[in-house]
Every structure is written in structure tokens, then in C-alpha cells.
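The listed protein sequences correspond, in order, to chains Z and H.
Counted the way the UniProt record's numbering counts, the first sequence spans residues 1 to 330.
Counted the way the UniProt record's numbering counts, the second sequence spans residues 1 to 330.
A few of these clues could be false.
Unchecked claim - Label-pair ranges, simulated between beta-carbon atoms:
(1) H:K116 with Z:G167: 56 to 62 Å
(2) H:G132 with Z:G68: 34 to 40 Å
(3) H:K197 with Z:T70: 24 to 30 Å
(4) Z:M199 with H:K55: 53 to 59 Å
(5) Z:E330 with H:V259: 58 to 64 Å
(6) H:D12 with Z:M1: 58 to 64 Å
(7) Z:N52 with H:A256: 51 to 57 Å
(8) H:D12 with Z:K250: 32 to 38 Å
(9) H:M199 with Z:K194: 37 to 43 Å
(10) Z:M166 with H:K266: 34 to 40 Å
(11) H:E180 with Z:R114: 26 to 32 Å
Unchecked claim - If you want the ones that stay clear, here's a sample from chain H, every Cβ over 12 Å from chain Z, calculated:
(12) E28
(13) E30
(14) K44
(15) F45
(16) L110
(17) F306
Hints are computed from structural coordinates only; laboratory data are not their basis.
Every value quoted in this text rests on a predicted model; they were computed, and no experiment measured them.
Glycine included, C-beta positions come from ideal geometry on N, C-alpha and C.
Protein chains: 2
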Amino acid sequence: MICVAIDAMGGDFGCEPIIEGTIDALKEREFTAFLVGDQAQMEKFVPKEFINRVKFIQSNEIFEMKEGATNVLRHKESSIYKAVELVRSGECQAVVSAGHSGATMSLATLRVGRLKNVARPPIATLMPTSTGTRTLLLDVGANVDCKAEHIFQFGVMGEAYAKEIMGIKEPKIGILSNGEEDGKGNEVTKEAFKLLKKMKNFVGNAEGSQIFDGSMDVIVCDGFVGNIALKSSEGVAHAMNKLIKKEVKKSPLAIAGAVLMKKVFKIVRKNTDYDEYGGAPLLGVKNCVIISHGKSTPKAIKNAIFQALKFSNSNINSVISNELEKFKNE
Amino acid sequence: MICVAIDAMGGDFGCEPIIEGTIDALKEREFTAFLVGDQAQMEKFVPKEFINRVKFIQSNEIFEMKEGATNVLRHKESSIYKAVELVRSGECQAVVSAGHSGATMSLATLRVGRLKNVARPPIATLMPTSTGTRTLLLDVGANVDCKAEHIFQFGVMGEAYAKEIMGIKEPKIGILSNGEEDGKGNEVTKEAFKLLKKMKNFVGNAEGSQIFDGSMDVIVCDGFVGNIALKSSEGVAHAMNKLIKKEVKKSPLAIAGAVLMKKVFKIVRKNTDYDEYGGAPLLGVKNCVIISHGKSTPKAIKNAIFQALKFSNSNINSVISNELEKFKNE
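Using the sequences and the accompanying hints, generate a full structural model.
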């Protein structure tokens, strides 16, 4: 039985949506939930019939968002610290946190530890595409300044994720660049391009638009660029929705039209909805660490837990270490 | 009378849409159009009543998209070379090209020349926002590897554009980063942040989503990051449109809804349409150089010419040089 540690206090809306999501996950899957936080607060949201599938781990502190990430090492009573420690000690196989993402990364790297041969663990996130598939984009924020070698390793880790978790046999792997042509890129990506050519499934440079057109399965970049690509695209989608809503309100005909199109908008939302996968794994660390949005809904938390279970049941971590070992010896 | 040189051959669809756009511009504004290309081909598309407002400059060669940008210096008979030379010689005050953008940049920098105090000319583009305003994003591709000092200069040039062309008295200027907080950024942007603080209107880091929420008037970044932000956002908008269209087709009710919402979609498209401004200026070079998409429609070319006229009638270039001079002496 897989045990999942859940930082129940770290989210922006307190423990309620997080525990609700956990209960929803327990309804659909077999696992034990270790809820880390203030037991008195948490208990209220756990229905009696689930009480024996949950373990409460008391924590009296919440690590504040405004704190610097590495300060968390001095906050051993915080829910996030205690949740990650459950993975370190082996009591849990995975941790899900909607708290301070920098702190989660620091704890994952420093307390749980990197896999053999991994230099820098990246955050990998699934992006929706117009063809209905997903593109794995990494790194979206863990490593702001990267060397070519780090970006190359993201390629190896992304391939392992695509194969082991997404079930794609021959994933197409690209590197995010300012043009498709082979010569494009900045100093670091051009160097990473050369290293990535060692991978059989590397197909070359990918433009920003290719994140969303289904032409690639995995796209690698440094965490600075990845964060900007991610936030820019969320911004566009948000702006378009806002613009449509504003214009619809101006006309009764358009309101009628929007009602008739309700199902379409719902499907588009579902296709592009963050809640559908609910969290981003930090790849290249031992066991499984899933980082969720601070504003996660119960649905997002449920899906983040499903991701953690799938991850824990896969061979991804040994594949990552072995593949990196092979390239090291090349 | 302002004279605008137009590379009529460089676009992906031949000279027809470019000349059509030029004629449309001539209908609405006073200027002389220097059409550079094959005269026999071009003449067919110029109605008699406009013939005395147009000058044909014969060119027998088109500079190919597949060529390396700086090779254009050896192609003195190409339409793009001849069009830029008209600005160098002083016969024209502006040039609009839908051809090889790298070649246009090389010619602008090497043949027309940079303004005093400018280190690297950036491409600046107007991005739509959910509030109906536009955000000027620069650099979106001219300078792939930038130093902090270059990004600082983009801030000064962007402010000049916002004041002189967009008419914003106190433009809010931000630097694209992986988070809003002051400490965020990669090595180069953190250093650029320090330099930008010298500017009165600099407000700090901007996340990718802030390109589209109207909170900033000008956002600076290096050309690699800017290109990825631009292409990613175009990709999302395209993917969302495609997804909506696909889902609408599946249901007669939704088709009816889409018909009722037609006006809304049209407004959204107009708000986010590239054709509405038609081209991106290369800032920091002498006179005026406007770079248009290879796939420009007549409307895009018309608006690119309008931009060239507005630019040529403004004081932007002297403001850029003077402002940079002031900072140099600080």
C-alpha cells in the first residue's frame, strides 16, 4: 500500500480544499493519506468512514510564502518540512504540497536527495495542445540559471517521464528555442542542442508555438525561460477568456450564443485546465515529490495524488539513473 | 512629404498583397511610396490614379529566406538591400519589409547605422491585453544573447516609444522575470534590474502573464526570451481557436451559438490581431525600419506603413539618443 504525505496547511485557502481533494482521491484509489498539519483543524473535514485510511501528523507551524526557500531548513515544525520528512524516513513513498514551492524543492533536494547522476532536479509540467495530446515542458522554474549539461539531463528525465508515465514509446524531444532551424538558440541552448543530439529521440529546436501544437512530446528549457513560457501562455488564455466574457455581456444575442456554446467552452476548459493533472512532479529526486499550485482546488489535489500514485508505481526513477549512467559512459 | 521604401518582393505571397496594402495606405495618408522590386510585375497592381504617388525602383533579385542574414551584404541587387539603401541615401525616411527579418536587421544596423549611444537595436512589438491597452514587448528576437546593459537600453528605448508613439506620459516599465518579487530573475536580469532602477518609471519584475493584463506599458527582455514569450502566446491563442472550432463543429446547437457570437469573436480577433499594427519597429537605428511578417495581408502592410509614418513624424530617435546620453553621464 502506497503512503502519500500531504502538506495540508500550505495552500492559499487553508486545509479544507486539500483534505476534500484527498478524500475524493481515497474514494477512487487504494492508498493511505498522511495528513500533515493541525489535527484539530484537519479532523473536521475527514468523514468517519475514512478515518482509518488517514494518519494525522501534528504540525504547529505553516511555512510562510514570503520566506526565502532555504529558510525552511530551520523550520522543522512546519507542515511542509514534516511532510517531506515522511518521505525521507521511508514512511511515505510520495509527498504532495500546495505550499511554498521553493521550500518544497529545497527540502526535496537537500533532505530527500537527488537520484544518482542527477545534477539539477527540474519541475515538469504537462501543457495542453490543440490536438488533445499533452506536451511535457521542463524545467518550468526550479533552476533559473542552467548549464548545457543540465538542460541535456532534463531531456533524459523528460524522456523517462514520457515513456514510463505517459506511455509514449518513442517520445519526440525538442529544445525550446527562438526558431526551428538547427542554428537557432542562445549560447547555452546551442551547446545543449549538441549534447541532446546523443539522444535517439531528440528532434531538434522547438519554437514557443510548438508547446501547443502537439508536434513534440517533451520540450526542455532552463527554468527561467520555462516559467516565462508557462506564465505567458496562462496569461493569454486568461486574457482571451476575459475579453470574450466582457464582449458577450454587451449583447443579449451573444449571451444566447454563449449559452448554446456552453458545452464547447466546458470541453475547452477541461482540455486546458490545470486541475486536470493538478500538480507538477519534481523529477530527479528520490521517491516522488509533486508540487501543486497554492490555489489548488479539491479536484487539483485529487489529480495530484493520482499522479503521485502513478509515479510511485512506475520505474521512472531507476530509468532516469540508468539512462544518465549510460550517457556518462559514452 | 515622407517617402517610404517598401520591399515589395520579400513577402511569402509575392508582391500583390504588399502593393495592395500600399495602395490602401495611399488612399488614407499623404506620402510617396518607393516600391522596390520587379517593375513589370509590380505595375500590374498599381491603379492609374496612383501612379504619380509611386516610384518604382527596379530590383532583379529576391533575397531568399534560407540564406544566412549577413549574406545579404553581398546581394546588392536584392529588393531588400535596395529598399534599405533608399533610407541610407536619404531618399526615403522609412522602410517597410516583409522579407528576411534577419537580413533587414543586418542591413539596418550595418548600412543605415545605429543611433548615437545605442549598443543593440531591439525589435519592439505591441501585445494585446485583456484591458484593451497594448503592452510594448522588446526585444522579441533581434539580440539572442544580451548583457544587462543591453536590456537596460531596451528599457530606455521602450520608454521613448511609449511616450512618443503611444502617447503615454508616465509609462510603467517592467523586466520580464520568473516572478514579481524583487529578488527573482536569472543572473543577467538581476543585473539589468539594478540598472533599470535608475529609471523613474521602472516598476520592477513582470511575470509572463503581465504581458497580457495591462499592468505594464513596456516590458523588456532579451531577444531569446522575448521570442519564446511571443511565439508561445501566439501558439496558445491558435490552439484555443482550433479547439473551439473543432468542438463547435460537433453540435448543431453549438454552431447556432457560434453564429450568435460571431460579433464577439470578431471583436476578440480584432483586439488580438497582428494585422491591426502590421509590423514591429527596429528601435535604435537611424530613421525608421519596420519589420513585417512574411505572411502579411494587405491590411498588415497598410498598418505597417501607418506606423512608419507616425514614427517618422515623431521625435523618438532624438529622445532615445538624448536619454541614453543622460544615463551615460550619471
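Verification of the hints:
Between H:K116 and Z:G167 the beta carbons are some 59 Å apart, a value that agrees with the proposed interval 56 to 62 Å. About 38 Å separates the C-beta atoms of H:G132 and Z:G68, a value consistent with the hinted range of 34 to 40 Å. Separated by about 25 Å at the C-beta atoms, H:K197 and Z:T70 satisfy the suggested range of 24 to 30 Å. Under the hint 53 to 59 Å, the C-beta atoms of Z:M199 and H:K55, about 55 Å apart, fit the expected range.
Between Z:E330 and H:V259 the beta carbons are some 59 Å apart, a value that agrees with the proposed interval 58 to 64 Å. The hinted window of 58 to 64 Å between H:D12 and Z:M1 holds, with their beta carbons roughly 60 Å apart. Roughly 53 Å separates the CB atoms of Z:N52 and H:A256, a value that falls within the hinted 51 to 57 Å. Separated by about 37 Å at the C-beta atoms, H:D12 and Z:K250 satisfy the suggested range of 32 to 38 Å.
Between H:M199 and Z:K194 the CB atoms are about 39 Å apart, so this pair conforms to the stated range of 37 to 43 Å. In this structure the supplied range 34 to 40 Å holds for Z:M166 paired with H:K266, their Cβ-Cβ distance being about 38 Å. With their beta carbons about 29 Å apart, H:E180 and Z:R114 fall inside the hinted range of 26 to 32 Å. H:E28, annotated as away from the interface, keeps every beta carbon of chain Z farther than 12 Å; the closest lies near 27 Å.
Residue-level check passed: H:E30 sits 35 Å from the nearest beta carbon of chain Z, beyond 12 Å. For H:K44, the condition that its CB be more than 12 Å from all CB atoms of chain Z holds, with the nearest at approximately 34 Å. The Cβ of H:F45 sits about 31 Å from the closest Cβ of chain Z, beyond the 12 Å cut-off, so the non-interface label holds. Taking the minimum C-beta to C-beta distance to chain Z, about 20 Å, the non-interface status of H:L110 holds against the 12 Å cut.
No Cβ of chain Z approaches the Cβ of H:F306 within 12 Å, the least distance being about 24 Å, so the stated non-interface status holds.
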